[in-house]
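Peer 1: Keeping their order, the protein sequence lines are chains W and X. Each residue of the first sequence is one higher than the one before, counting from 672 in the working numbering. Each residue of the second sequence is one higher than the one before, counting from 52 in the working numbering.
Keep in mind that the hints were calculated from the coordinates and are not lab data. Please note that the accuracy of each hint is not assured.
[To be verified] Using C-beta positions, here's what the derived DEER-type ranges look like:
{"no.": "1", "chain 1": "W", "residue 1": "A805", "chain 2": "X", "residue 2": "F130", "range": "24 to 32 Å"}
{"no.": "2", "chain 1": "W", "residue 1": "L683", "chain 2": "X", "residue 2": "T226", "range": "42 to 50 Å"}
{"no.": "3", "chain 1": "X", "residue 1": "P134", "chain 2": "W", "residue 2": "D834", "range": "52 to 60 Å"}
{"no.": "4", "chain 1": "X", "residue 1": "D224", "chain 2": "W", "residue 2": "E962", "range": "48 to 56 Å"}
{"no.": "5", "chain 1": "W", "residue 1": "L881", "chain 2": "X", "residue 2": "K173", "range": "58 to 66 Å"}
{"no.": "6", "chain 1": "X", "residue 1": "I206", "chain 2": "W", "residue 2": "L683", "range": "53 to 61 Å"}
[Said to hold, decoys possible] A few chain X residues that face chain W, going by a derived Cβ cut-off under 8 Å, partial list only:
{"no.": "7", "residue": "S139"}
{"no.": "8", "residue": "F154"}
{"no.": "9", "residue": "M280"}
{"no.": "10", "residue": "P331"}
All C-beta atoms in this analysis are idealised placements derived from N, C-alpha and C, irrespective of residue type, glycine included.
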Amino acid sequence: MPKLSIIQWASLAVFLLAIFIAVPGFIAASGRSDLYYTLTSVALLSIASAGVWLTFYIGRINIGQGAFALIGAYVSAILVTKAGMSFWLSLPLAGLFAAGVAIVIGVPILRLRGVYFAMISLVLTQVVTLTALALPITNGAKGITSIPLPGGVSILGLTLIPDFATLENPRLAFYYAACVLMVLTFAAMYRLVNSRLGHLCRSMQQNEELASSIGVNISHIRVIVFSISSFLGGIGGAVFGSIAQSVYPSSFQVADSVNFMLNCFLGGLGYVFGPMLGTLVLYFGWDLLFELGRFQLLAYSSLLIILMLFLPNGLLSLRLPGKKGADK
Amino acid sequence: MEQILANGIYLGAQYAMIALGLTLIFALMNVLNFAHGQMYVLGGFVTYTFYGQLGWPFVIALLASCITLAVLGALIERFLFAPVIRRSNREESTMLLAAGLAFLFDALILLIFGEKQRGVPKIINGVFNWDFRLIMPYDRILICVLAILSIVTFILFMQYSKTGRALRALAQDRTAAQLMGVNVARYSMIGFALGAMLAGLVGGLLVTITGVNLGMGGPTSIKAFMMVMIGGAGVISGAIAGGIILGFMEAIGLAVLSQYGDITYLLIFVSLMVFLAIRPQGLMGKPWG
Numbered sequence: 672m673p674k675l676s677i678i679q680w681a682s683l684a685v686f687l688l689a690i691f692i693a694v695p696g697f698i699a700a701s702g703r704s705d706l707y708y709t710l711t712s713v714a715l716l717s718i719a720s721a722g723v724w725l726t727f728y729i730g731r732i733n734i735g736q737g738a739f740a741l742i743g744a745y746v747s748a749i750l751v752t753k754a755g756m757s758f759w760l761s762l763p764l765a766g767l768f769a770a771g772v773a774i775v776i777g778v779p780i781l782r783l784r785g786v787y788f789a790m791i792s793l794v795l796t797q798v799v800t801l802t803a804l805a806l807p808i809t810n811g812a813k814g815i816t817s818i819p820l821p822g823g824v825s826i827l828g829l830t831l832i833p834d835f836a837t838l839e840n841p842r843l844a845f846y847y848a849a850c851v852l853m854v855l856t857f858a859a860m861y862r863l864v865n866s867r868l869g870h871l872c873r874s875m876q877q878n879e880e881l882a883s884s885i886g887v888n889i890s891h892i893r894v895i896v897f898s899i900s901s902f903l904g905g906i907g908g909a910v911f912g913s914i915a916q917s918v919y920p921s922s923f924q925v926a927d928s929v930n931f932m933l934n935c936f937l938g939g940l941g942y943v944f945g946p947m948l949g950t951l952v953l954y955f956g957w958d959l960l961f962e963l964g965r966f967q968l969l970a971y972s973s974l975l976i977i978l979m980l981f982l983p984n985g986l987l988s989l990r991l992p993g994k995k996g997a998d999k
Numbered sequence: 052m053e054q055i056l057a058n059g060i061y062l063g064a065q066y067a068m069i070a071l072g073l074t075l076i077f078a079l080m081n082v083l084n085f086a087h088g089q090m091y092v093l094g095g096f097v098t099y100t101f102y103g104q105l106g107w108p109f110v111i112a113l114l115a116s117c118i119t120l121a122v123l124g125a126l127i128e129r130f131l132f133a134p135v136i137r138r139s140n141r142e143e144s145t146m147l148l149a150a151g152l153a154f155l156f157d158a159l160i161l162l163i164f165g166e167k168q169r170g171v172p173k174i175i176n177g178v179f180n181w182d183f184r185l186i187m188p189y190d191r192i193l194i195c196v197l198a199i200l201s202i203v204t205f206i207l208f209m210q211y212s213k214t215g216r217a218l219r220a221l222a223q224d225r226t227a228a229q230l231m232g233v234n235v236a237r238y239s240m241i242g243f244a245l246g247a248m249l250a251g252l253v254g255g256l257l258v259t260i261t262g263v264n265l266g267m268g269g270p271t272s273i274k275a276f277m278m279v280m281i282g283g284a285g286v287i288s289g290a291i292a293g294g295i296i297l298g299f300m301e302a303i304g305l306a307v308l309s310q311y312g313d314i315t316y317l318l319i320f321v322s323l324m325v326f327l328a329i330r331p332q333g334l335m336g337k338p339w340g
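The following block holds chain X by itself, in its conformation from the complex:
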């Protein structure tokens, strides 16, 4: 039981971080970022390159992941999403752009890093063992703590910094924010960069445990969509709740249902559809997003 709870917290913390980036981008620009999973994979590969191959300290490699993805996100927003949003008759056109970007990232990752599964040396060795009731490698505990710290930092940043306030204003009402003197174009770019950075950060954190490979992008995006739907699109607390709920469901499902074969995800999907039929806007979302 303790083991399941610990696994749930561990999975939930990392899922919440993925969902945070996605929901931030959605809240600010109304863009469903299909390429979020690919951004996460890219972050993993950057950390792999700096930490695994060049042998730099892990923290610097992690920073490199964040910076790369933040710059990439800013460029993408400025030169791709902003013009398309301006020119298109329908908002949904950005979905095609995002899907195109997902393909593009897949292609780039394939060309630069290849299709092999990549792993890096462990950051710390050893396993935490509490009387065989709870077994957890130390590096997982560290990553979990780092993930929770990042989430807390992110929430504090959004609550108390000037940028955070501007971003929240933008998410609430674009026009009103503009009238109050928020530089909408600039903060859209910052918000997108921040969302991409979160994806890169979690990719860099997780590469130390699960490794990274090209095929992880798509399934990660789908999981992130599910978390955002559970919690409510565009709501930060919702994304965290969704991530933790999905993490616990997966941990419990894998432990309890393992003898029935691989039906955990089938059950999660079905219960998600039932849940959304009852509460379409998710746990904390505004009706109709």
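Isolated chain W (complex conformation):
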């Protein structure tokens, strides 16, 4: 278990206090309850982006996370609507299904590198969208609509999770659920990066042949990492489908896959918490620029280009040189 310094514990506590108490308090005081939806989206997208970040960690440019998010959303939606399963049970199943697909697809395509992997993963998003349009179980272009809200979970009469449909503010409930998932995801990521597997991943990022020559089973590790990444994508997509209460083949498109990748780039590829920051900045940036009306896309893309021009190694590279990144 990696040791955390006092400063790191303190900043962790501040972060948890901020997202679980300060943000809901602020929203209640200011009455901007629409922010819940925005922040929930940020939390969920950052889970999926964390998966993309993990594939970057083994040196693969992954532009296919939209595919796994869509798979997760569909699996959860089909299990809930057709099989009547509880959402909370369908959530891990959606993640596992996405991970399973990732293993089957990953074994051949993870042999590709660099730009080839980037392009094939981009094509993958298109494949899943087209499959969703063609299969009967996904209901084609009409999609799956009116998915019920997540039900309650209770063990021995003790209510762990209340029924979302009976709550007066399901948005707040979704916000908490998404934040808990996000915190769990990033805790797991931090643990993973500082584990033996994390070291092996770093060795692969630098030089796969060298890693393999000193006995690292690279084909094994890259499939494991890709399936973890897709698991996170599936989870993020499943919760998204549940919030929107509908899934369409267009729910996650190529543009979303590209955005997941941009989130990681923007936050910085060398830092575990990069994807979270990148998602927050990109999503809020997009929302804030809404005031500009038809110049929104222009301003957004110009900002992206300027950021890239001056901070090509990500936002977190702004840190002082004395303090090393969070993954050290």
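Dock chain X against the given chain W, drawing on the hints supplied.
Peer 2: Relative to the frame of chain W, chain X by itself:
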């Protein structure tokens, strides 16, 4: 059958031109140009403006497309890609820049030209009809011939001109080319401009047939990526082969599979993944690019 073959040649020639520009930029700078489809759309809109709206001759409008995109490409390389490549720790950072550029072009096209589908008057009227076995409008034949001519010109240019030799040297080994006295910065810019120009040229050619609209950029980029993957990234003959193969697959798929609904592209994607699993570097690519 003749009809399918003719459609395949027609689609393949235009696809090959799109893929050529993309693969050229990739070979020279190791940049995956996400904005390639948008450059193609922009070229279409320039031709539309000069030929469709101002009523200038088609050839001049086509030249205007080429020049606009070439200048744009040169500026982009000089002021955006070159500094980012210099400053960034990882080569992949250019992908974010390219994605940002794709968004920027989309925004600019939306602001300047609007989101409507635009078309131009036909260059030549009439339809070539060979006993109802092969039906092809004359303008399509002309565009196809022009596209093939451009490809041939491009290959000759790359093979025999001094610039072409320098560009090929650069693609093979950057450092060695520099040691042999090739001005790397200058030829990178020329190469990027040439790639962008090809995108503009094919956009200008196709606007006479399919018209042009804002949404065409993204799907065109994806198709171009597929062709480059089929043929092998950064290889010129590969890009041409990839374009022709994809063109034929699409023409055959649309003719044979039409009764099963829109599954042509699904099948193309799946077979591409199977193909790449067997041969990761594409038909003619070097292993690992």
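Peer 1: Look at each hint and say if it fits the structure.
Peer 2: Results of checking the hints against the structure:
{"no.": "1", "hint": "W:A805 x X:F130: 24 to 32 Å", "in the structure": "violated (44 Å)"}
{"no.": "2", "hint": "W:L683 x X:T226: 42 to 50 Å", "in the structure": "holds (46 Å)"}
{"no.": "3", "hint": "X:P134 x W:D834: 52 to 60 Å", "in the structure": "holds (55 Å)"}
{"no.": "4", "hint": "X:D224 x W:E962: 48 to 56 Å", "in the structure": "holds (50 Å)"}
{"no.": "5", "hint": "W:L881 x X:K173: 58 to 66 Å", "in the structure": "holds (60 Å)"}
{"no.": "6", "hint": "X:I206 x W:L683: 53 to 61 Å", "in the structure": "holds (60 Å)"}
{"no.": "7", "hint": "S139", "in the structure": "holds (4 Å)"}
{"no.": "8", "hint": "F154", "in the structure": "holds (4 Å)"}
{"no.": "9", "hint": "M280", "in the structure": "holds (5 Å)"}
{"no.": "10", "hint": "P331", "in the structure": "holds (5 Å)"}
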